[in-house]
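Note that the protein sequences, when read in sequence, are chains S and E.
First residue of the first sequence: 1, per my numbering; consecutive thereafter.
First residue of the second sequence: 1, per my numbering; consecutive thereafter.
Hints were generated in silico from the structure; no laboratory data involved.
Values in this document were obtained by computation on a predicted structure and should not be read as measured data.
Hints should not be assumed to be uniformly reliable.
Short, incomplete list of chain E residues facing chain S, as computed with Cβ under 10 Å [said to hold, decoys possible]:
hint : residue
1    : Glu57
2    : Glu59
3    : Val116
4    : Asp132
5    : Phe134
Straight-line distance between alpha carbons at most 25 Å, and here's what the computed SDA-like set of lysine to any residue pairs gives [claimed, not checked]:
hint : chain 1 : residue 1 : chain 2 : residue 2
6    : S       : Lys129    : E       : Ser188
7    : S       : Lys43     : S       : Ser169
8    : S       : Lys43     : E       : Thr147
9    : S       : Lys127    : E       : Phe134
10   : S       : Lys43     : E       : Ser188
11   : S       : Lys43     : E       : Phe123
12   : S       : Lys127    : E       : Ser138
13   : E       : Lys175    : E       : Val104
14   : E       : Lys223    : E       : Glu57
15   : S       : Lys129    : S       : Val41
16   : E       : Lys223    : E       : Asp44
17   : S       : Lys129    : E       : Thr141
18   : S       : Lys127    : E       : Tyr58
19   : E       : Lys122    : S       : Ile67
20   : S       : Lys127    : S       : Pro89
21   : S       : Lys129    : E       : Gly139
22   : S       : Lys129    : E       : Pro97
23   : S       : Lys129    : E       : Arg140
24   : E       : Lys175    : E       : Asp66
25   : S       : Lys129    : S       : Leu203
26   : E       : Lys122    : S       : Val41
Cβ atoms here follow ideal geometry from the backbone N, Cα and C, with glycine treated the same way.
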Amino acid sequence: MKRNIFCQYTKKLLGGCLIFFVQSCGTSSIVIEGQYPSPNVTKIPLSIGVIYPQELIDFNYVEYSEIGEEEYRVQSGQSHRDLFDALLPSMFERVVVLDSIESAVSQEVDIVFLPAIEEFQLALPSKTKLDVFEVWVKYNLRISDSEGKGIADWILTSYGKTPTRTMRSVENSINQAAVVALRDFASSFTLGFSQVPEIRQWLSQR
Amino acid sequence: MNKLRIHKYLELIIFVVPFLLFQSACTSTTVDEFRQGATGIKTDESVVILGRRQGSEYETREEFVDCVGDRVSSGQDAVTVIPEREFVDAMFPWFEPRTAPMGVSNLERLMADNLVSEQMEKFGIRYMVWLDGFTETSGRTGSISCTAGPGGAGCFGFGSWEDDSSFNARVWDVKSRQNVGTINTDASGQSYLPALVIPIPLIARVEANACSRLGDQLKAFVKGG
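Turn these sequences into a full structure, and let the hints guide you.
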């Protein structure tokens with residue numbers, strides 16, 4: 001009787017250990033989540049139409065371990081939509097979310113903005129031997145007029161880092177570094193938009 | 001016989017543990033102040049303490065900035081401190097790691113923007129303090145091994161390490177657009193981790209000491225005198 005109880009407990013313990021082992025071997029998924037402030041800048045007198053391509057929402061980056069196994073999966077999710085929702089209304093006189101470039105004329109917008117992620121890089125302290133988590137994101141920001149004629153293809157790189165902390169998980173730190181990178185993107189976008197030579201030229205010709 | 005053994009253990013606990021705790025509390029802190037201008041603050045004016053985060057290998061921890069802020073805004077001669085996060089968000093995108101002013105000349109240029117100066121006035125900022133620095137751990141020695149068996153679990157061994165904190169605070173007078181001074185703080189201390197069945201951490205509060213000394217000095221500095 002006693003032996004049966006011992007066997008039952010041993011089985012449960014081994015089962016628990018197996019679940020823990022399998023879980024610790026799996027990929028950790030991180031959906032970027034954060035809060036973004038609205039910029040404190042003078043509005044540009046333009047009506048902007050923004051298209052959120054499905055690839056931007058579905059974007060995910062996989063970090064592989066040194067033996068080639070999936071280690072972390074970073075998903076963009078709604079983060080860019082949240083960022084642009086906070087950013088664009090403070091930057092432009094009018095913001096319209098468009099389904100496609102074809103609806104730009106009927107919505108009477110001056111320019112159409114189509115953001116896309118070209119590259120994503122992640123640096124973990126376990127690999128760099130630094131006490132920081134780092135994220136780089138390279139964007140391609142397509143800006144065209146209401147008829148779809150290209151004005152600029154603006155390549156913008158953003159960077160975010162966060163120090164390692166004893167009580168914070170790796171997933172949380174990666175998210176934090178990604179949120180800092182998104183804030184960096186927002187600040188460069190806000191201050192640099194009117195400085196892009198092609199956009200500046202287009203603005204001066206209006 | 002048993003009584004004698006208990007007595008010996010009690011003696012050990014009464015004399016050795018407080019000695020070790022005393023040792024652990026020994027942290028040496030040095031504060032240097034370099035004043036470049038007169039200071040003083042009115043009751044309706046405030047201070048904002050910001051961390052420098054431009055460095056590639058380290059960044060001034062948010063917790064340390066908050067700790068210094070708490071120290072300055074508490075006690076008898078408390079000064080109003082605007083929380084870093086609240087200020088940086090309200091001033092977005094002007095105080096991000098890549099866009100923050102590196103010198104008073106940049107601040108002068110930034111204040112020429114009406115939206116920035118209006119926001120700064122709303123907060124009533126008189127002094128802007130830039131904290132820059134980090135805590136480094138070095139000289140890790142010793143080892144601790146832990147075992148668990150059917151009869152119980154326990155650890156045995158000894159570990160020690162040294163923490164060094166180095167921070168500087170640059171104080172800018174927002175009203176006169178001048179650098180009015182710098183306060184440097186260096187703190188170091190040795191931590192121990194003896195393990196005799198259970199590990200007893202005897203941690204030197206290096207960063208906490210650097211924070212309290214820097215906070216007190218900063219409070220006195222902006223108050224002038």
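Checked hints:
no. : hint                   : result
1   : Glu57                  : holds, 6 Å
2   : Glu59                  : holds, 6 Å
3   : Val116                 : holds, 7 Å
4   : Asp132                 : violated, 14 Å
5   : Phe134                 : holds, 9 Å
6   : S:Lys129 with E:Ser188 : holds, 23 Å
7   : S:Lys43 with S:Ser169  : violated, 39 Å
8   : S:Lys43 with E:Thr147  : violated, 65 Å
9   : S:Lys127 with E:Phe134 : holds, 22 Å
10  : S:Lys43 with E:Ser188  : violated, 50 Å
11  : S:Lys43 with E:Phe123  : holds, 22 Å
12  : S:Lys127 with E:Ser138 : holds, 20 Å
13  : E:Lys175 with E:Val104 : holds, 11 Å
14  : E:Lys223 with E:Glu57  : violated, 34 Å
15  : S:Lys129 with S:Val41  : violated, 39 Å
16  : E:Lys223 with E:Asp44  : holds, 13 Å
17  : S:Lys129 with E:Thr141 : holds, 20 Å
18  : S:Lys127 with E:Tyr58  : holds, 16 Å
19  : E:Lys122 with S:Ile67  : violated, 55 Å
20  : S:Lys127 with S:Pro89  : violated, 40 Å
21  : S:Lys129 with E:Gly139 : holds, 17 Å
22  : S:Lys129 with E:Pro97  : holds, 22 Å
23  : S:Lys129 with E:Arg140 : holds, 17 Å
24  : E:Lys175 with E:Asp66  : holds, 24 Å
25  : S:Lys129 with S:Leu203 : violated, 46 Å
26  : E:Lys122 with S:Val41  : holds, 16 Å
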